[in-house]
Amino acid sequence: MQSFESPAACAEPVLQVSGACKAFPNGPTVLDKVSFDIEPGSFCVLLGASGSGKTTLLRSVIGLNKLDAGSVRICGVESSPKNLRRIRRKVGMVHQDFGLSGRLTAARNVMSGTAPDLPIWRLMLQAYPEYMQRKACSLLSRVGLEAGHVNRLVNGLSGGQKQRVGIARALINAPKLILADEPVASLDPQTAQDVMHLLRQMAKEQGAAVLCSLHQINLSRTFADRIIGLREGRIVFDGPPGQLSQEALSRIFGTGRDVFSPSMVA
Amino acid sequence: MSDVTQNQPSGPQHWDVKPAFDWKTVLAAVAAFALLSVSAHRMELHRLSSQLGEFLQASVGLKESSQVGRGIGSVAQQMYPLAIAERTPVSLIDHFDPDDLPLFSHLETDTIEESALDAETMQMTTRLVEKTYLVEPVGYLTFTLGKMLETVEMAVWASLFAVLISLPLAWVAARNFTPHPALYGLSRSFVSFLRAVPELISALFLVLAFGFGPIAGILALALHSVGFLAKFFAEDIEAADKAPQDAIRATGAGDLAVLRLAVLPQVLPSYTALTFYILDRNIRMGTVIGLVGAGGIGQELKGRYDMFQYDHVATILLIIFLSVLALDALAAKLRRKLI
Chain A
1 MQSFESPAAC AEPVLQVSGA CKAFPNGPTV LDKVSFDIEP GSFCVLLGAS GSGKTTLLRS
61 VIGLNKLDAG SVRICGVESS PKNLRRIRRK VGMVHQDFGL SGRLTAARNV MSGTAPDLPI
121 WRLMLQAYPE YMQRKACSLL SRVGLEAGHV NRLVNGLSGG QKQRVGIARA LINAPKLILA
181 DEPVASLDPQ TAQDVMHLLR QMAKEQGAAV LCSLHQINLS RTFADRIIGL REGRIVFDGP
241 PGQLSQEALS RIFGTGRDVF SPSMVA
Chain B
1 MSDVTQNQPS GPQHWDVKPA FDWKTVLAAV AAFALLSVSA HRMELHRLSS QLGEFLQASV
61 GLKESSQVGR GIGSVAQQMY PLAIAERTPV SLIDHFDPDD LPLFSHLETD TIEESALDAE
121 TMQMTTRLVE KTYLVEPVGY LTFTLGKMLE TVEMAVWASL FAVLISLPLA WVAARNFTPH
181 PALYGLSRSF VSFLRAVPEL ISALFLVLAF GFGPIAGILA LALHSVGFLA KFFAEDIEAA
241 DKAPQDAIRA TGAGDLAVLR LAVLPQVLPS YTALTFYILD RNIRMGTVIG LVGAGGIGQE
301 LKGRYDMFQY DHVATILLII FLSVLALDAL AAKLRRKLI
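Just so you know, the protein sequences line up as chains A and B, in that order.
Just so we're aligned: 197 in full-length UniProt numbering is position 197 of the first sequence, and the numbers increase by one with no gaps anywhere.
Just so we're aligned: 251 in full-length UniProt numbering is position 251 of the second sequence, and the numbers increase by one with no gaps anywhere.
Don't take every hint at face value.
Pairs of lysine to aspartate or glutamate, EDC-like flavour, derived with a Cα cap of 16 angstroms [said to hold, decoys possible]:
hint: 1; chain 1: A; residue 1: K66; chain 2: A; residue 2: D32
hint: 2; chain 1: A; residue 1: K90; chain 2: A; residue 2: E39
hint: 3; chain 1: A; residue 1: K66; chain 2: B; residue 2: D246
hint: 4; chain 1: B; residue 1: K242; chain 2: A; residue 2: D97
hint: 5; chain 1: B; residue 1: K242; chain 2: B; residue 2: D255
hint: 6; chain 1: B; residue 1: K131; chain 2: B; residue 2: E114
Which bits of chain B does chain A cover? Going by a derived footprint, with three or more residues having C-beta under 8 angstroms, they are [stated by the list, open to error]:
hint: 7; region: 235-246
hint: 8; region: 252-260
Reference excerpt, derived from the structure (chain A facing chain B, CB under 8 angstroms, subset only) [unchecked claim]:
hint: 9; residue: I62
hint: 10; residue: R85
hint: 11; residue: R86
hint: 12; residue: H95
hint: 13; residue: D97
hint: 14; residue: G99
hint: 15; residue: L100
hint: 16; residue: S101
hint: 17; residue: R103
hint: 18; residue: L104
hint: 19; residue: S112
hint: 20; residue: G113
hint: 21; residue: A115
hint: 22; residue: I120
hint: 23; residue: L123
If you are wondering where the hints come from, they were derived from the structure by calculation, not from laboratory data.
Glycine included, every Cβ here is placed at the ideal spot set by N, Cα and C.
Model the full assembly from the supplied sequences, consistent with the hints where possible.
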């Protein structure tokens, strides 16, 4: 599991977050001066308990949340309201609750990732160009779906299949960075393993870096090149999975939680 | 419950279960009863009860007659038999050709007395004249069916216009997609205004502007429908699940793409149901607004009613009833297929 084996389009880090702060009005601080870089092609897991700020951080990277302070640079370009839409096109995102349109087919959901590049009439009529349909089909087959799934409504797919469609959609623009927000939270353990494996494999193939939030320690250990531990909006651990000691875990999750049962830590 | 009891640790035998009714409920019921009593007096509901009582007594033979019974009876008598045939004096038909009669029709000749004033003697004289009528056995029935079709066509056009106007209006009137907060307020009040004006009232004015006929009817129905559809279309957009919208937005797409790809698929079933409802409503309201001259079967109904031709009125009412029934069944079938 080497980090820098894939060819990268940008030599600099694909993602640079510096001094990110966020507090909700009259609420607690969600992000407190978070800074880190993501190198091209690496698979980085954001590990933390619920409410540690993982989702807020990921949403802030893609501009779905506004940061109170700090900056986000993607492939060296600083994200601002002006170039937000251009920056988003370089990033693919996989969502916790899939974020798919249940009443659209699997293929249309995958192709919906290309919406910003489509002329308005193609968008309105849902008339995607032939090469895009081919691309969607080949992606769907590579994430493990069959010909019979292509024109099925997403509502009729299983959870694992839905997230496979979600991964295919995140990949259709050949992004250099994939954000995954708890991509396997609603899946059973075996499916979660499969989907994480697929996400890692597809990202390596495409040479995309992944920033994936998780709360499962063993999944993080298995798939991450690097783990960033987040607690109450602060980075409390940053290193390869090998360094994720008992002591580091207690910094991330606190003490006296059942996450320390042997099966979870093993 | 007082703080004292809450702070004291006590077993489940001391827990309070809130009663379904308390004195507030009773008070509200008494107040409602008092209000309704005042209103009943204003509505002369005592007259309703005495008239209904009289009618019931008369119908079981305890009373000679009742006002309600006489009213219903005289109309019912004139309604039967229904007017199915059309009988037109030949003299009223332009370019009448006895050798080329319409399908299934025949000629009838009646001898009737005709009075005229003799100009010389200044006296009324009566003489017998022969008059020829063209009788079409189902002429009035087909004519009424045609009028009903006109009403249905009015409703379809009105609903079509309403949907086409409501879709963009709903975008502006949805809080989370409106291009500008001022436009949101403006469009919402415009929609509320349209909903507040009943079809019958707007039809009155539209008939003045566009003349008698279906155009005024279509516009009146469409305006009110926009007031209804745009509001509910917009509220569906506001209530749509945010997760797919965020996902599309995260690809760098704009509002329009989010609406098309993440919102429309969600709201489409509801939009279809609303459109069917408004079509159904427009057909029923379409019969009513004809009363003020806005085309369709209502216009015919009003004309016959004003001429006391209750047999024709009965035919019209029957056609309306059967059509609404048939269209209801059709709509239910379509809805099952589409949703």
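Checklist entry - Should the hint that R103/A touches chain B count as held when the rule is a Cβ pair under 8 angstroms? => result Result: holds, 4 angstroms to nearest chain B Cβ.
Item to check | Residue hint G99/A, partner chain B, criterion CB-CB below 8 angstroms | outcome: holds (3 angstroms)
Next on the checklist: So, as I understand it, the hint says R85/A touches chain B; can you test that by seeing if any CB pair is closer than 8 angstroms?
Outcome noted: Holds, about 4 angstroms.
Checklist entry - Hey, does the G113/A contact hint survive, CB to chain B under 8 angstroms? => result It holds, given that the least Cβ distance between G113/A and chain B is near 5 angstroms, below 8 angstroms.
Item to check | Agreement of K242/B and D97/A with the hint, judged by alpha carbon distance not exceeding 16 angstroms | outcome: Satisfied, since the Cα-Cα distance of roughly 11 angstroms is no more than 16 angstroms.
Checklist entry - Hint check: is the beta carbon of I62/A less than 8 angstroms from a beta carbon of chain B? => result holds (5 angstroms)
Checklist entry - Minimum Cβ distance from S112/A to chain B below 8 angstroms? => result Result: holds, 5 angstroms to nearest chain B Cβ.
Checklist entry - Was the hint right that R86/A lines chain B, CB cutoff 8 angstroms? => result Holds - the Cβ of R86/A comes within 8 angstroms of chain B, reaching about 7 angstroms at its closest.
Next on the checklist: Is the interface hint satisfied for H95/A? The criterion is a beta-carbon contact with chain B at less than 8 angstroms.
Outcome noted: holds (5 angstroms)
Checklist entry - Is the hinted pair K242/B and D255/B satisfied, with a Cα-Cα distance of at most 16 angstroms? => result OK: K242/B and D255/B at ~13 angstroms, within 16 angstroms.
Checklist entry - For the region 252-260 of chain B, do three or more residues have a beta carbon lying closer than 8 angstroms to a beta carbon of chain A? => result Coverage by chain A holds for the region 252-260 of chain B (6 residues, Cβ < 8 angstroms).
Checklist entry - Minimum Cβ distance from L100/A to chain B below 8 angstroms? => result Hint holds; L100/A Cβ to chain B Cβ min 6 angstroms, cut 8 angstroms.
Checked against the numbered hints above, the structure violates none of them.
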